[in-house]
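**Q** Residue strings, one per chain:
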Amino acid sequence: MRKGGRAPYQRRHERGVALVVVLAVVVLMSVLILSLVSLVRLETRSSFAHSDSVEVDVLAELQTNLVISQIRAATDSQGGSRTWASQPGMIRTFGTQTDPETGRAGLERVYRLYSHRHLEEGESFNASEQGPPADWNSQTGRYVDLNEPVVISKTGPKRLRYPILDPDLLDRGIAGIEVESAPGRDDSSPLPMPVEWLYVLADGTLLAPRAGSDTTIRFDGDHLPSRDNPVVGRIAFWADDESSKVNINTASEGTFWDMPRANSHFDADSYSERQPVRNEFQRYPGHPATTSLSPILAPYIGEDPATYFKLAPFVADGGSYSGEMEVDHETPPVSLDSDRLYASVDEYFFSPDTDTSGLRAPNALGLDEAALEEVRFLLTAHSRSPEVNLHDRPRVSLWPTQHDPQDRNAVDRLLAFCATTQGIDGRFPYYFQRLSTHDLDSPLVNYGSSQSSTADMQILRNQLVYQYLNRLTDQSIPGFGSDFREKYPEDKGQILTSMVDYLRSGLNTLAIGLPTDRDARGYSYSPSRRLDESTPQALGSGQIIPLRIADTQGFGRSVSVSEVSLVIYPTAVDRNRPVPERDAETGELVHSLIFDYPGRPKNVAAGYRATEARAFLMLEFFSASPGLPSWNPLVSIKVNGLADFRLGGQSLNLADEATLDLHAPIDSIAAASYVGKGNSNGHMSLYQPFFYLPDPAAPVSDSNRPTLRSFTDLQDLSDPVRGYVWHSATSFPLPPDGDRIELSGENLEISLASLVSGEIYQTIELEFPDAIVPMPYVWVESGKMAETPPGAPWDHETSLLSRASRDPDEWPNYLIRPGDVVRSVEFRSDLEMAGEDLPGGDLRFLAASAEVPAEWFGPGGAPGHYEDPIRRFAMGLRSGDHWQYWGHFRTEPHHQHGNDVLASAPHEIGEGEDREIHHPYWRASSWRTSGSLVEGFAGYSATHLDIGSSPTGRIYRDAHPVVARGLNGAKRRDGRPGDWDQGYGNTEDGAFINKPDESNATQKWWNFGSNYNSGGYYRRGAFAVDLEGRNHSPNRQIASPVMFGSLPTGIRSMRPWETLLFCPNPDGRTTPAGVEPDQNDHIGFSFPRDHLWLDLFWMPVTEPYAISEPFSTAGKVNLNYEIMPFRYIKRRTGIAAVMHSMEMMAVPPIALSREPFGCIKGGRDQAFEREVRYAVNLDPEDGTLRGFEDRFESGDVFRSASEICELFLVPQPLEEAEQPYLGNPNPGYSEMLEWWGENRATGDNVREMPYNHLYPRLTTQSNVYQVHYRVQRVKHAPSDDPEVWNEENAIVLAERRGSTLIERYIDPNEPTMPDFATASLDDEEARLSRYYRFRVIQKRRFLPW
Amino acid sequence: MVNQSSRGPVVLGAQSRAGFSLAEVMMAAGIVATIVVALLALAGQTLTSSTDSFDRFETVRAYQAISSQFQMLPWDRIDRYITGEEGRIYFDDVGRVVDRDALESSMVARILDKGGLALPGEGGGGAESDAPDRSRRDLRQITIEVSTRPLMEDPFSDSRHVRRFSLTLVQLDQER
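Chains as they are written, first to last, in our numbering: chain A, 1 to 1345; chain B, 1 to 176.
Please keep in mind that the hints were generated in silico from the structure rather than gathered at the bench.
This one's a predicted model, so the numbers in the text were calculated from it and none came from an experiment.
Note that CB positions come from ideal geometry on N, CA and C, so glycine has one too.
Watch out, some of these pointers could steer you wrong.
Stretches of chain B that chain A covers, calculated by requiring three or more beta carbons in the stretch to come under 8 Å of a beta carbon on chain A [claimed, not checked]:
1. 21-33
2. 47-53
3. 83-97
4. 104-110
Isolated chain B (complex conformation):
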């Protein structure tokens, strides 16, 4: 801002009659642009964050549904999910399992096998243990990938829309 008090009438006032000066406009526009851009960026981030939050909500729902279901499933069924035999699992926006072609599907999940869980003391950090380095066959680690882009050709190709969860399952039924 210019200090007007030592110069009498405002010089700029005469100029203003002819409208906003270019500099004035440029300054205002700059300010506005800067602020708008900043705000838009913030809004964008906020929207992204909001979307992420929504996605988190949804994907956690899917994770919760899958984890609670998988704890009780026979392992051969889980195998079929891993191999894709059972297909992917589709969810609507409230976490219900839906058909893959359903219009309301908003998430899709796939299961990846990570093998047996290595226990502490069994190669997982237990250097003092005399236990052999082996994983427990009845403790199975899987990764659940949930994509919020179920309709994409490859929903899991864009990592921005994919969340990964780790889950350790135990074999409840008899030993195979």
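Pulled out of the complex, with its shape left as it was, chain A reads as follows:
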């Protein structure tokens, strides 16, 4: 029975309670515990995720560290025994073992800057084998695409974003960027940049996959992954070389400018009248701002230069407005904008200006986000390259400054800073200093060290830096091998001294308008010109005495003597004894003028027999550094040995030792408009010795002006100041009979000394041979014998004073008269004589020699004239005068310039081989007083007459070069064409040293009423001081050491017409383009090649901001643009940007003629009607880049930026050319030798000029690298063999993509840094690579959205 109906139920219920309670509790506990577990698991996962995130970040540092280590290892010069060259993805090192074929050292090692199983490789490295395999994308465990895009879709359609290179860039039509058959290209990797993974173990060990691995990776080596030490991550990276990109902080939009060198449209209009003013950096030769952005950005923002100036920091439009506007002394300097530097290319997106809320607005130029994504591969904000020489030691700055810091202006100080280190032992400058400047307040007292040949080298630091260079050039050159001591055993010291003196005397000689601590007006190293009316006129303005170091001597900027003429003229006449027209014995004309020729009716004349005569000397002067500013001499010239001259046994009554002080400032001469406003030509004014300043110690004034010297006063004739001391004190009698008389020659010694310091800087030995000469007589113009009165106006026939008192424009006609007898000794044009080597007419030998032997001079005039008893004139005097042909000294009567009288002269004289053809504009004297730089062309024959088959085959009157008379082509000792210089503006070509341009736009001149010329380039001697410094800029004056290119290399070894070679196309080359030239082409090609001199020097860039820092310069572009290992990606845009605004010049010989196109050296009223300037063809197949491609295809790279001098620049017509071209304006690379052969009238300095613009903007070494990376934190599948990485099973825990920008740099104040100038070259510490540090300057994550 049941009691109670519920009891069983209750019992049942009660019985279950325990279980239920238990289960409930259990469930509850389980829920709680599981929740806790879940939370903890979540937390654990979170902590793992965080840990993975941190560790992948640290992993991302590893690749940066690896690259830094690679760079450090690669750039270690190992005691200066090797050098390195960088390129995108790689650094190669080179030792000193010369390859006899190329002159370059073989590869030593390569250091990969991308992940690869061999980060280093030795000389077996083969560049052509580099690159990912075609099936790289099937080897996913081994290769990874660093450029793999990600898909993003914000608001619009999906698009791909690339971390490195957006292939859309290739569709923009940018010249210089292309991709040639990228391996494994597909939809997921449209532009792959695959590299190998490197695997990281837990203990940090780095492993590379075994070759041949694909998705299953095995590793080599002893240290393999294990369960305890599994693979925890992997890294892939590739470091780009930032110097292969264009720097947006230094580049702008260049417009070419160069010193004018021709009377052509471009030179006269674009270069002279539209020269750059101060701060117009985009036109300064070689300035980083001349590197152009438009080759890259034009597809986005057009080509208007003004657009780029808005983008470029500190660069602004103005001045000549990219050559569009004429400038003068009133044109203000360009006002620099105040844009700050870009921190990254991304900043291009923004305008430099901020809006009212302080935010930066997007720029209005059209550079949007998509555009920046594309051009990022081509641009950088941080490229920087070392200014360290191949020996791993400091380069020497080109810019000379004063020793006393108080005499330095702000620019000097910055430039000096860039070339100075600060160690605990003191400051160590690596530039040359000048002891003192000219005292602007005491201009006649304190001339400064420029007037001494030794004072500047008394600065101990100068001696040390000189010795430093001397020792470096004794060393085998890393990267190339061999050394300059071996190459130039006799001349190396002379070359070095020439370089140092070139810097000292050619650069920065005046900096007026730039205050120093001492003088708010600035300074002048050479004696200053008058700055204002209150400033006394110094003597010798612009003159710099050549520097002497041991037994070597520089060129300075002073006079040497290239010809000495003894003039014997009648002083008394017997009117009862007329002289017949023709010689009784020979039938020849009696007077036989220098420019006389048979049958010329004009000169049929006669005169009266002279009874007495006097003699005087005339000196032809030469300077190897013509150019601006023009200068005045301040020298003492002593002539020894004059007393022993005899004419017919009679003494000439000349003082045996006669010293004349040459001090009259020529631009103060009343007739300066005729005589010139100072010397700026190869030949100084011939007339200057005729003047003196009455009181040299007093300022020039109306009462103290240059005055004719005394010619006869006995007291004055012993006074070096007042007297023309090289004049007979009294007349000497002539024999009463006979038409011939014996001139007994004499050995003379001429000493040239500084009038300030008294130091003799040159001694010249001269030997006047004995000769039978015609008897002097008093000449009377034809048909006027009966009219001739005994006195005036014929006094000039018998009085030197009367001759010199003529109007200056008549001096060429009156200083020597037809009845005189003249015998000269002049600088020979011969290469050898009697088995002895001679300078071959290279006048630079004369200028750089402290002692000039007599053998270098020979009898003057045409061959045989000196000893010809009927020749009255055996000389070839030239004067550097107001207009070129005026200076060709002559005796043409009556007619100034010798022009009009010849209008009716016959153009053809004689017959057969002796036939002479004269140009309608022929100047009588020109062809008599010169020679030709181009063999066989223009005005040369065995008799020095103007013989040619057509009027176009001769040199026009204005284009006669400054060479030894009678030279038939500047020829090297081996007979091949040699090196000579194109004159500036329309001045003569000649044997010059390419003085830097110190001109400005202050000088202005209306030429022929229609052409305005600024700068004085087309007016000889014209120069005006730039009082406000409106055009002053160091970088405008000198861009690079390529300017040294006209310094001779064979002064001591007697190898004339050979100068430093900084171009591939010397006239003497016969080896075709594309083939390695040899020393037969030019000694500069022998090893080590001359261009390696360039590596020792640099020109810092401190305007508009410190683009250069100590030991580095920003914005240089790497010659080695080949990308490793992605050789299929061609990025030539950097070189294209450098060369975009480049021009080159080439002159065909016909440009020297008057017909048919005008003369390239003519007046501005007769412009040359053909174009001689060219743009540069950058085509990689047959243009300039062919030379680059050839180098890369051979598996090699450039080791030094100076190797640009080995590459031909291929011309193409200028788009702006208004004149047609002569010849082929579109040659190919392989045709360049022939093309230059057609342009043989191109001077060495002009051939090298483009390289002067290019070299300072190029490099082969980079300090900044952008490391693109992809790193993953990974986990091995637990079931897999721990020694094997199975890509299919592995787990990627975290990934990072991005880039890191790293820079190597030197702290110039590093206290332990030694003085490299004095440290032994064997000193391990004394190499700069030891002092490099590294810094990360930017990190960027690839986070597209």
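Based on the hints, put chain B in the right spot on chain A.
**A** This is chain B only, laid out in the frame that chain A set:
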């Protein structure tokens, strides 16, 4: 469970009046014990895991701080850490460096030197390379050990509370 349907009244009900049988209690206790033990074990593991997670968080912070700092330190300073000259590095629970005696210190780290990093191709697996077998002197591997028991006499003796991190440093300053 017993099937009750074929036996009429529940036999066990009579027994239950006298309370839970020993077997019943034992069974319940067994179940409870088993489950509790299991749950406690799970909770223990969870707590351990939670502690590990916390430790991981903390130690990674320390690692991050040390790695970022050491990348910029001159190597002679790092040497002093390795030799103990600079002492160990103490952190609080948010990763700040604190004094060793600070009450809030929750971690301590020490640095061990592993020498130069061998690059692939330099003995690290690059059998094909012609490079000499040497390590890069400017790439330095160190091990960072972080203990979450900073107050122990030897915080690094118990490996359960020590995490090890590997770090490769590069010399940024000039070569020595």
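**Q** Under 8 Å between beta-carbons, do enough residues of the region 47-53 of chain B, three at least, approach chain A for the coverage claim to hold?
**A** The restraint on the region 47-53 of chain B holds, since 5 of its residues have a Cβ under 8 Å from chain A and three suffice.
**Q** Take the region 104-110 of chain B, compare each residue's beta carbon with every beta carbon of chain A, and decide whether three or more fall closer than 8 Å.
**A** Contact hint for the region 104-110 of chain B vs chain A: violated, 0 residues under 8 Å.
**Q** Count the residues of the region 83-97 of chain B with a beta-carbon closer than 8 Å to any beta-carbon of chain A: does the count reach three?
**A** It is violated, with 0 qualifying residues against the three required.
**Q** Are there at least three residues in the region 21-33 of chain B whose beta carbon sits under 8 Å from a beta carbon of chain A?
**A** Check passed, 4 qualifying residues.
The structure shown violates the earlier hints numbered 3, 4.
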